[in-house]
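Trainee: Residue numbers (numbering that gives the first Met the number 0), protein chains in the order written: chain A, 0 to 541; chain B, 0 to 191.
Treat the hints as calculated values from the structure; they're not laboratory data.
One should not assume that every hint holds.
To be verified - Pairs of lysine-lysine, DSS-like flavour, derived with a Cα cap of 27 Å: (1) A:K177 / A:K226; (2) B:K56 / A:K330; (3) B:K167 / A:K45.
Stated by the list, open to error - Quick look at which bits of chain B chain A covers, simulated, 3 or more residues with Cβ under 8 Å: (4) 98-105; (5) 110-117.
In this text the structure is predicted, and so the values were computed from the model without any measurement.
Cβ atoms here follow ideal geometry from the backbone N, Cα and C, with glycine treated the same way.
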Amino acid sequence: MQKLLLLGAEAIAQGAIDGGMSGIYAYPGTPSTEITEYVQHYDLAKERNIHSQWSTNEKTAMEAGLGMSYAGKRAMVCMKHVGLNVAADAFVNSAITGSNGGLLVTVADDPSMHSSQNEQDSRYYGKFAQIPILEPSSQQEAYDMAYLGFQMSEKFKVPILIRITTRLAHSRAGVERKDLLNQNDISLPSDPKQFVLLPSIARVQYKGLLNSFSGFIEDSEQSPFNKYYDGEDKSLGIIACGLAYNYLMENFQDDSLKHPLLKIGQYPMPRTKVESLMEECDEVLILEDGYPIIEELLKGYLAKEKVHGRLDGSLPRDGELNPNLIARALKLSSEEEVIEIDQDIIDIVKNRPPAMCVGCGHIDAYNALNEALSEYSVGRVFSDIGCYTLGALPPYNAINSCVDMGASITMAKGAADAGLVPAVSVIGDSTFTHSGITGLIDAVNEKAPITILISDNFTTGMTGGQDSAALGKIEDICEGVGVEPEHIIVFTPLKKNHDLMVDIIKKELAYEGVSVIIPRRQCVQTTRNVALNQRITELNLR
Amino acid sequence: MKTDIILAGVGGQGILSIAATIGMAALSNNLHLKQAEVHGMSQRGGAVQSHFRLSSKPIASDLIPRGACDIILSVEPMESLRYVDFLHEEGWIITNSTPFVNITDYPDVEEVIEKIKKRKNTIILDADKLAKEVGSPRSSNIVALGAATPFIDIPYEAFEEAIRLIFKKKGDRIIDANIKALAAGRAVADAR
């Protein structure tokens, strides 16, 4: 069979489909978005009736995935690393309930923060929940792990975490498929109380999880994803986790690596393999494309073991790895050998940061907001996660915060509570339904003097124009949670409406209660999306 | 054979179409390949790059090591310089000379071109102009690719075939335009 040329993210989707998945649940987030999109656009997935619509946020996705698993079918839940913070309650407790149908939670981390607020390492979450973790080093392994992961989950009756990073998610290579497996039939859990986490039951379930742990380690010892390669030069042993394995091998083409190597793709760590490496080698170098979680474990609190990695400066403490950093850690190259760049060239190459598109409605909204706020002191605009976060950059300099999904409304409320009145929130439509509604209820309940701009472009823009759960619902939601109808105002953010927008915003800033202003205009990137255009017309939103 | 290429440009300039074309051509020639792309935030008018690795042997890293890159293929002149520390001394810079100016401090283009010319091996071509001349103004990315084809160890016909496959859904007119664009770039490289 000809290999498929797939992104790592797509390889996971293909593996899950071929492995008998019945549903995928996700909220878009770079670098995880392409997993779900692949299923949405794949004819075979449609034929097999695989659920693939977007969820409103990662928590609802995680819970729906768990529900599908409860019903005996195989489900995958996908998100970016910070999405797991949102889904954490459901995720951690899903380890206690355990799974019925195979349940895979695929989380895409973003070391070096290419498109994120932090570079948290999801392996900590897997360890925290005490479930097995799979971490592929290649697109083929990504496929294999998704394919085999369902069986592993059903064998151990727990969800399995698959951890990838940006570099693998967004890198293409050839992938070989396996036989297409059937989906499971509906079958309820054999223990009717398995999913009822009343304390008395949860205690039993938790003990069950703890008792499973030795089985997880045993499986890890036998895993095809954990391999021990012996080497004659035992002055140093190397443990390479996930993608770091590739960066290591780049430096040792044609079997030239002489050090013992333990390649890790499955956790918890294979104890006997680790033990023999630690015993045989004088020192050990740990390569992890993320936080130094294994390094910390093996080094111990008192740092008695001769373990090197990110904690002792052999590798940088943060950011993603690459072949050059590993060459330096192995002293294959020195600092000086790094190619000198002509200072002239450094000077002439200017930064070219991302920017809002020409014609974007957020721009008109910000121009109006900036003018309306000009009579107040600066520093009172709380924003959120989306394209409009770029409003922090010149020439707009329009916002003062971006923390987590939905934080704009609640932070504005807190600041207003402190006396910073008026406080302003800027949030997008999709982010509003993701995590903004609960905060709005807080604000309404206390009649907080805040003005909320829900910049509605009918889509989840930053990740490439996915469906927005808020489409056609924003006014109803706001009114439903108690925002006064006369303080819910919609306008079209266009240059010609500038003065009108400024007047409206000024008036609402002066109102000492909750105002919701909705600048509403379609994202310019989605104008050729036929299905979306049809929905917008049906809902009479233009 | 081994060819490591960095594709450079600005989000929206079509470097992923270049990558798809080389990828298709490489697959039909049974080469190993790895191609790391940039998605997400940077796609919004920011600097974007793709590491494209081709080899007759299996490839380890998705990223090209610094100093190992054979070709920087750029659809924008300043962007061709952003990654020069990846290029080895004998490596080629093949770049479009038409700037994409979406920042206020864009440097003097003549100066940029001068800096590029300091490298040993360069091809600088006005891909925008050539694309217009062949009646396909949106194919400047494929013109730039055409100029790189002599340095990639894949038969030229395989690139043409890849274009036919990739643009199949868009019809014969678009296919012909892109094949002409590819040839226009190639002619510049051959005439040097």
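Trainee: Could you run down the list of hints and mark each one as holding or not?
Mentor: How the hints compare with the structure:
1. A C-alpha spacing of about 22 Å is found between K177 of chain A and K226 of chain A, which places the hinted pair at or below 27 Å, so the restraint holds.
2. Between K56 of chain B and K330 of chain A, the direct Cα distance comes to roughly 26 Å. Compliance with the 27 Å bound is thereby established for this hinted pair.
3. Proximity of K167 of chain B to K45 of chain A is assessed by CA-CA distance (about 23 Å); at most 27 Å being required, the pair is judged to hold.
4. Restraint check on the region 98-105 of chain B versus chain A: 4 residues with Cβ-Cβ distances below 8 Å, three needed, restraint holds.
5. Residue count for the region 110-117 of chain B with a Cβ under 8 Å from a Cβ of chain A: 4. That meets the three needed, and the coverage hint holds.
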